[in-house]
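Participant: Each chain, letter by letter, is given below.
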Amino acid sequence: MVKTRARRDDPAPRTGQRVLRGILGESGLDAGDLRQAAMLNAELYGFYGVSVWVADRDWPRERLEATKLVKFDRYAEFTVASLTGRGLSLWATGQRPHYDVVDERNDLESLVTLMAATPHVIRDNPSVDREEH
Amino acid sequence: MIYIDLPADLNLEDDQGRNVARLAEAVIPEAVTPEAVLVAGTPRAWSWAVVEAIEDGFVYFHQVSAREAAQHGSLVAPLPRSA
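One line per chain: the protein sequences are C and H, in this order. The end of the first sequence is residue 283 by my numbering, with every number in the run present. The end of the second sequence is residue 140 by my numbering, with every number in the run present.
Excised from the complex, chain C in its bound form (with noise of 0.2 Å):
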């Protein structure tokens, strides 16, 4: 059974804000990932999306380095720019400071294909967390 997903009434991002989103395998930013992530989201709430985090004052990155994305050790950097200027959005999921990397017509294959194509830095995670196993 579908979810309602909750979203909050926050201001839009501004264009030069940082969108981060931790690397799954060992390729980048993988276009299977990004598909499988909307997939799942579509699952869960009915709409395809790609959940990513959005540096603020209250959330710089350094936060997110040392908790939202403390187990990755790569991420993708996008700005609120990048993403919107290929004509995606950003929907204020969840609980701040997470989002869902969107496509208006609700269209995986643009969705994925878009998302993928926006210039984007791979970065090192310098507060990532490598557990014993």
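In case anyone wonders, no lab produced these hints; they're calculated from the structure. Relax, there's no trap hidden among the hints.
Derived pair list, reagent style SDA-like, types lysine to any residue, alpha-carbon separation capped at 25 Å:
| no. | chain 1 | residue 1 | chain 2 | residue 2 |
| --- | --- | --- | --- | --- |
| 1 | C | Lys153 | C | Met189 |
| 2 | C | Lys153 | H | Phe115 |
| 3 | C | Lys153 | H | Glu87 |
| 4 | C | Lys153 | H | Glu82 |
| 5 | C | Lys153 | C | Trp241 |
| 6 | C | Lys153 | H | Val77 |
| 7 | C | Lys153 | H | Leu69 |
| 8 | C | Lys153 | H | Leu80 |
| 9 | C | Lys153 | H | Arg75 |
| 10 | C | Lys153 | C | Glu193 |
| 11 | C | Lys153 | H | Glu112 |
| 12 | C | Lys153 | H | Asp72 |
| 13 | C | Lys153 | H | Pro86 |
All values derive from a computational prediction rather than experimental measurement.
Position chain H against the provided structure of chain C, taking the given hints into account.
Facilitator: For chain H alone, kept in the frame of chain C given last:
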């Protein structure tokens, strides 16, 4: 080699701040029960995790440290059964 019990995207959080994964993708779905401790994520980005709830085929869990995980029992998981 990292042994992942529950493949998951640790970027995804629900409205309560919990991570979410598909139960069907667990290596041993019947072992995924509330309070169970397991390893969730991908071989490159994983965490110890405690299962909070299972609803409609989805597993809701929160990440914990190895120390917290050890408080729930042994961290040495049995090898998966062969087919």
